[in-house]
Amino acid sequence: MTVEFQDVSFSYWQADKPALQNIRLQIPAGQFVVLTGPTGAGKSTFLQMLNGLIPNHIPGKMQGEVLVNGNNTKQHSVADLSRQVGLVFEDPDTQIVSLTVEDDVAFGPSNLGLSPEEIRLSIHEAMEKTRLLGFENRNPFNLSGGEKQSLAMAGMLAMRPSILALDEPTSMLDPIGRTRIISILKTLAEKTNTTILVVEQNPELIIDLADRILLFDQGQIVRDGTPREVFSDVETLLRVGAKLPPVVEVFWELRKQGHWQAELPLTVEEAAARLETKLQHNGGNTYHAQAITPLLVDDLAVDVRNVEHDYGEGVMALKKINVKFQRGETTAIIGQNGSGKSTLAFHLVGILKPTNPEGQVMVDGLDVKTTPLQELIHHVNYVFQNPDDQLFQESIAEEIEYGLKNLGIPAEERKRRLDWAIKRFGLEEYVNQPPQSLSRGLRTKTAIASILSMQPSVLVVDEPTTGLDRCESLEIMQILQGLTDNGTTVIFITHEMDLVAQFARWAVVMHAGQVLIDAPTEVVFSELQVLQQASLTLPDIHRLALLLGWKDFSSLRTPVDMATLIAKLM
Amino acid sequence: MTFLVYTQRSTLLHRLHPAAKAVWVLAMGLILSLYFDPIPLAVLFLLSLPFFIAGKIPWRRWSKPLGYVLLLGMIGYFVTSLWLDRPGVFTRYPDLVGITLWRIAGKKFFLGPMAITVGGLMYTAGQTLRSVTLVLMVAVFVYSTRPNDLVYLLSKAHLHPKLVFIVMVAYRFFPHIFHKLSIVISAQRLRGWKLTLGNPIQMARQFLPITVPVLTETVRLSDYTTRAVESRAYGSGHFTLHHELKMATRDWLFCIFWLVVMGIFLWLFIHYGIGPL
Chain C
1 MTVEFQDVSF SYWQADKPAL QNIRLQIPAG QFVVLTGPTG AGKSTFLQML
51 NGLIPNHIPG KMQGEVLVNG NNTKQHSVAD LSRQVGLVFE DPDTQIVSLT
101 VEDDVAFGPS NLGLSPEEIR LSIHEAMEKT RLLGFENRNP FNLSGGEKQS
151 LAMAGMLAMR PSILALDEPT SMLDPIGRTR IISILKTLAE KTNTTILVVE
201 QNPELIIDLA DRILLFDQGQ IVRDGTPREV FSDVETLLRV GAKLPPVVEV
251 FWELRKQGHW QAELPLTVEE AAARLETKLQ HNGGNTYHAQ AITPLLVDDL
301 AVDVRNVEHD YGEGVMALKK INVKFQRGET TAIIGQNGSG KSTLAFHLVG
351 ILKPTNPEGQ VMVDGLDVKT TPLQELIHHV NYVFQNPDDQ LFQESIAEEI
401 EYGLKNLGIP AEERKRRLDW AIKRFGLEEY VNQPPQSLSR GLRTKTAIAS
451 ILSMQPSVLV VDEPTTGLDR CESLEIMQIL QGLTDNGTTV IFITHEMDLV
501 AQFARWAVVM HAGQVLIDAP TEVVFSELQV LQQASLTLPD IHRLALLLGW
551 KDFSSLRTPV DMATLIAKLM
Chain Z
1001 MTFLVYTQRS TLLHRLHPAA KAVWVLAMGL ILSLYFDPIP LAVLFLLSLP
1051 FFIAGKIPWR RWSKPLGYVL LLGMIGYFVT SLWLDRPGVF TRYPDLVGIT
1101 LWRIAGKKFF LGPMAITVGG LMYTAGQTLR SVTLVLMVAV FVYSTRPNDL
1151 VYLLSKAHLH PKLVFIVMVA YRFFPHIFHK LSIVISAQRL RGWKLTLGNP
1201 IQMARQFLPI TVPVLTETVR LSDYTTRAVE SRAYGSGHFT LHHELKMATR
1251 DWLFCIFWLV VMGIFLWLFI HYGIGPL
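Sequence order for the protein chains is C and Z.
The first sequence stops at residue 570 when you use the numbering used here, and every number in between is there.
The second sequence stops at residue 1277 when you use the numbering used here, and every number in between is there.
Derived by calculation from the structure, the hints in this document are not laboratory data.
Just so you know, not all the hints are guaranteed correct.
Distance ranges between label pairs, derived from CB positions [said to hold, decoys possible]: (1) 137/C x 1195/Z: 41 to 49 Å; (2) 120/C x 1047/Z: 34 to 42 Å; (3) 1074/Z x 139/C: 49 to 57 Å; (4) 1047/Z x 139/C: 27 to 35 Å; (5) 1215/Z x 378/C: 24 to 32 Å; (6) 1198/Z x 378/C: 19 to 27 Å; (7) 1215/Z x 233/C: 27 to 35 Å.
For lysine to aspartate or glutamate, the following EDC-like pairs were computed, each having C-alpha atoms within a straight-line distance of at most 20 Å [as the list claims (entries may be wrong)]: (8) 1194/Z x 398/C; (9) 405/C x 364/C; (10) 191/C x 269/C; (11) 129/C x 190/C; (12) 324/C x 367/C; (13) 353/C x 364/C; (14) 415/C x 428/C; (15) 353/C x 310/C; (16) 551/C x 561/C; (17) 256/C x 229/C; (18) 320/C x 303/C; (19) 1246/Z x 117/C; (20) 1180/Z x 462/C; (21) 74/C x 7/C; (22) 415/C x 398/C; (23) 1180/Z x 190/C; (24) 1194/Z x 375/C; (25) 423/C x 412/C; (26) 1180/Z x 91/C; (27) 353/C x 308/C; (28) 1180/Z x 93/C; (29) 415/C x 429/C; (30) 186/C x 90/C; (31) 1180/Z x 463/C; (32) 568/C x 552/C; (33) 1246/Z x 428/C; (34) 319/C x 303/C; (35) 256/C x 561/C; (36) 1064/Z x 310/C; (37) 186/C x 211/C.
Ideal Cβ placement from N, Cα and C applies to all residues, glycine included.
Using the sequences and the accompanying hints, generate a full structural model.
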């Protein structure tokens, strides 16, 4: 066996409960294993045991033994085990140590003291496998997210490990980056005998590559089997809060409604093949979705006119942008990394100003260019992607009150807004706890609550679901969507197309500093060529509808919608 | 702070062996620590200038941060120089202190006497030249030296792996932390944060919203990077390079040139007392 866990338990130093409990399993060579489950379930802890980071580097109490290719990880240093296990972390930026791609790939073999010839050969092999040949002299920090993660993988592969472990390698990537990483994994799985372990919150991305799925919950492996075995046990998956592949969700809904008794399909292609015969029999492929409801266009919260932004040295991030945001609507800004989404969002709150004289951003009728920031933040505000960029107080209550105090809000009104925010975000239990001690989901909620209590009429949120599991993501998005009931305009940046389908009434697609389309989400999803130009992929339910040959499927929002429509056609 | 980042280019400085550049930095560092007189410092700056130019540094990108360094340095040194009109402050040019261009405050002033003197102006000029030369030299060194080469060099010098790691992380993450700083400042400004005048404790407390998130990020980054480099066998023993790193003739000539310059400046300092003001 390549990997063997013998009754392993582990508790982090000063933690209340164990991160892993009584793990007993064996992984043979060449197996492709996907680890899934909610955040905090123990998946990352499991991976960090493979190369001995636990217990050699990270303090805690460990019981049991972990054997990697027969080597007990307690008796070998992390450096020794790095010849056997390549561990790739979620954030590629923390793994890149050199300032050229080639040097970075060489770092591991250099540390192993290999000869220059061996190092050069390892570099070449690793760069070939990760499709980085030709990038040798590039600065890693000028690479795209997918390329950076490829580089992190190359750095590990250059040490020729027999096991490659990846901790959520696609979670911080845009759709192009994800496609790239999955394609590399596919090649590695098909053409090498490397044992691959991947932690993935969105199992549908790699379900067709997996030999085995490990479902984690509260430090235990609650299901261990083939993808079909694990994803057929929907009750368990729902109980632990793991994300279901969207097609599984569709067919589970059909089963609940009594329309589907057969095995649940796992992939879009499999689902389409199964449905085709059923729906053809019923003439289902002529289905047209409901008509698009027109939105009011005469009440604008934000009006962006002819905005350019030149960062210098030939980097034109925005090119004559014109875009309007409807008051009281939820709008998604989508596009690849580097397409200009964040630059545009920074213009909405005055962090950046147009670099062309005719560029203008109007928020609530105020010109952002000339309105002082202290006044502007009463009208529009911004929540950064990483909640830790703003949290610094000793309790959640103080954190939420901080902005209010700066605005000079009287104590009574502050108390009222604090109570409202705590209740709205369900933070009652944590109100006196330091934000840094809480989970990423709670920190994100605190960050949004602290901005929202300032009562801006326009709220811009940058990738609010990064680092969150499915349940946490849906909860945050439902809160954001609910804000529009009070007339707040919500603009969010995301790469998650299923969240766009479910929560955004409007979508702005950006590509290379330009707005390709600014329209209701239904319209955007029907413009396949535009999505292709922006390298965006449709959510799985839309892809399924497309494979079924439906003419108009763009108004589909959720897997439940899809199931309901299919049920009507059966 | 993108000027403090290694950039892949093909220039004389990029091609030089890192040890040769280290000799330059050490020689210059020694001279700069001894000299305050702006005239020899100007000579030293002029001697270094061709190498700064040979590095083909992107002046457009560098002019702004260097401008800030120059401006802040000059203001700081100038303000300090206002109190340098007491006898005995200058040993080599004691008379200069007496040439007062403008007396700002007399002895009864609660901060003591303040004046703009020729000596003070020379002090300002000397200190500014030291700062500019030092910042340029360090920036050019960082700009033209591959991090892996630096790790190799420091390992060869038998520096403890932990110390080498600190240098490497600083080298690599300095720009990242500055980027993070600008994000945190933006995030807090959007929550109404602004600087107001107050006593030193009040002023320090005003920086908490900035320093806490930046320090948290620094700790996180350093922890994750430690895990990442350990996972890549860092510190396991002998570090090798995948390219040849040998001292060529130009490297020896470069070293000899700067050792000679250092020798001359030391000789002038010891025998003629040139250096202090």
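Right, here's what the structure says about each hint:
1. The beta-carbon spacing between residue 137/C and residue 1195/Z, approximately 42 Å, falls within the hinted interval of 41 to 49 Å.
2. A C-beta distance of roughly 38 Å is found between residue 120/C and residue 1047/Z, which places it inside the suggested range of 34 to 42 Å.
3. Between residue 1074/Z and residue 139/C the beta carbon distance is about 33 Å. The supplied range of 49 to 57 Å is therefore violated.
4. Range check, residue 1047/Z to residue 139/C: Cβ separation about 31 Å, and the 27 to 35 Å hint holds.
5. For residue 1215/Z and residue 378/C, the hinted distance range of 24 to 32 Å is satisfied, since their beta carbons lie about 30 Å from each other.
6. Remark: the range hint 19 to 27 Å for residue 1198/Z to residue 378/C is upheld by a beta-carbon distance near 25 Å.
7. At roughly 45 Å, the beta carbons of residue 1215/Z and residue 233/C sit outside the given window of 27 to 35 Å.
8. For the proposed pair residue 1194/Z and residue 398/C, the alpha carbon gap of about 18 Å is at most 20 Å, so the pair holds.
9. The hinted pair formed by residue 405/C and residue 364/C fails the criterion: a straight-line CA distance of about 23 Å is larger than 20 Å.
10. For the suggested pair residue 191/C and residue 269/C, the alpha carbons sit about 24 Å apart, so the restraint of at most 20 Å is broken.
11. Restraint check for residue 129/C and residue 190/C: the C-alpha separation of about 12 Å stays at or below 20 Å, so the hint holds.
12. For the hint linking residue 324/C to residue 367/C, the alpha-carbon distance of about 14 Å falls within 20 Å, and the restraint holds.
13. About 17 Å separates the Cα atoms of residue 353/C and residue 364/C, which keeps this hinted pair within 20 Å; it holds.
14. A hinted pair counts as satisfied when its Cα atoms are at most 20 Å apart, and residue 415/C with residue 428/C qualifies at roughly 14 Å.
15. Between residue 353/C and residue 310/C the CA atoms are separated by roughly 10 Å; this keeps the pair inside 20 Å, and the hint holds.
16. The hinted pair formed by residue 551/C and residue 561/C meets the criterion: a straight-line CA distance of about 16 Å does not exceed 20 Å.
17. Annotation: proposed proximity of residue 256/C to residue 229/C holds, straight-line Cα distance about 19 Å (limit 20 Å).
18. Proximity of residue 320/C to residue 303/C is assessed by CA-CA distance (about 13 Å); at most 20 Å being required, the pair is judged to hold.
19. Proposed proximity of residue 1246/Z and residue 117/C is supported: the alpha carbons are some 16 Å apart, at most 20 Å.
20. Taken as a hint, the residue 1180/Z and residue 462/C pair is honoured in the structure, with Cα atoms around 16 Å apart against an allowance of 20 Å.
21. Between residue 74/C and residue 7/C, the direct Cα distance comes to roughly 14 Å. Compliance with the 20 Å bound is thereby established for this hinted pair.
22. The suggested pairing of residue 415/C with residue 398/C holds, with an alpha-carbon distance near 11 Å, which does not exceed 20 Å.
23. Note on residue 1180/Z and residue 190/C: the hinted pairing is violated, with a Cα-Cα distance of about 40 Å set against a maximum of 20 Å.
24. Between residue 1194/Z and residue 375/C, the direct Cα distance comes to roughly 13 Å. Compliance with the 20 Å bound is thereby established for this hinted pair.
25. The suggested pairing of residue 423/C with residue 412/C holds, with an alpha-carbon distance near 17 Å, which does not exceed 20 Å.
26. Restraint check for residue 1180/Z and residue 91/C: satisfied, since their Cα atoms lie roughly 15 Å apart, inside the 20 Å limit.
27. For a cut-off of 20 Å, the pair hint linking residue 353/C to residue 308/C stands: about 9 Å separates their Cα positions.
28. Distance restraint check for residue 1180/Z and residue 93/C: the Cα-Cα separation of roughly 13 Å lies within the 20 Å cut-off, and the hinted pair is therefore satisfied.
29. Among the hinted pairs, residue 415/C with residue 429/C is consistent with the structure: their alpha-carbon atoms are about 17 Å apart, no more than 20 Å.
30. This hinted pair checks out: residue 186/C and residue 90/C have alpha carbons roughly 19 Å apart, not beyond 20 Å.
31. Between residue 1180/Z and residue 463/C, the direct Cα distance comes to roughly 17 Å. Compliance with the 20 Å bound is thereby established for this hinted pair.
32. Distance check on the hinted pair: residue 568/C and residue 552/C sit about 16 Å apart at the alpha-carbon level, within 20 Å; holds.
33. For the given pair, residue 1246/Z sits about 65 Å from residue 428/C by alpha-carbon distance, which is inconsistent with the 20 Å threshold.
34. Proposed proximity of residue 319/C and residue 303/C is supported: the alpha carbons are some 16 Å apart, at most 20 Å.
35. Of the pairs offered as hints, the one joining residue 256/C and residue 561/C holds, with about 14 Å between alpha carbons and a cut-off of 20 Å not exceeded.
36. Of the supplied pair hints, the one linking residue 1064/Z and residue 310/C holds, its CA atoms being roughly 17 Å apart against a limit of 20 Å.
37. Among the hinted pairs, residue 186/C with residue 211/C is consistent with the structure: their alpha-carbon atoms are about 12 Å apart, no more than 20 Å.
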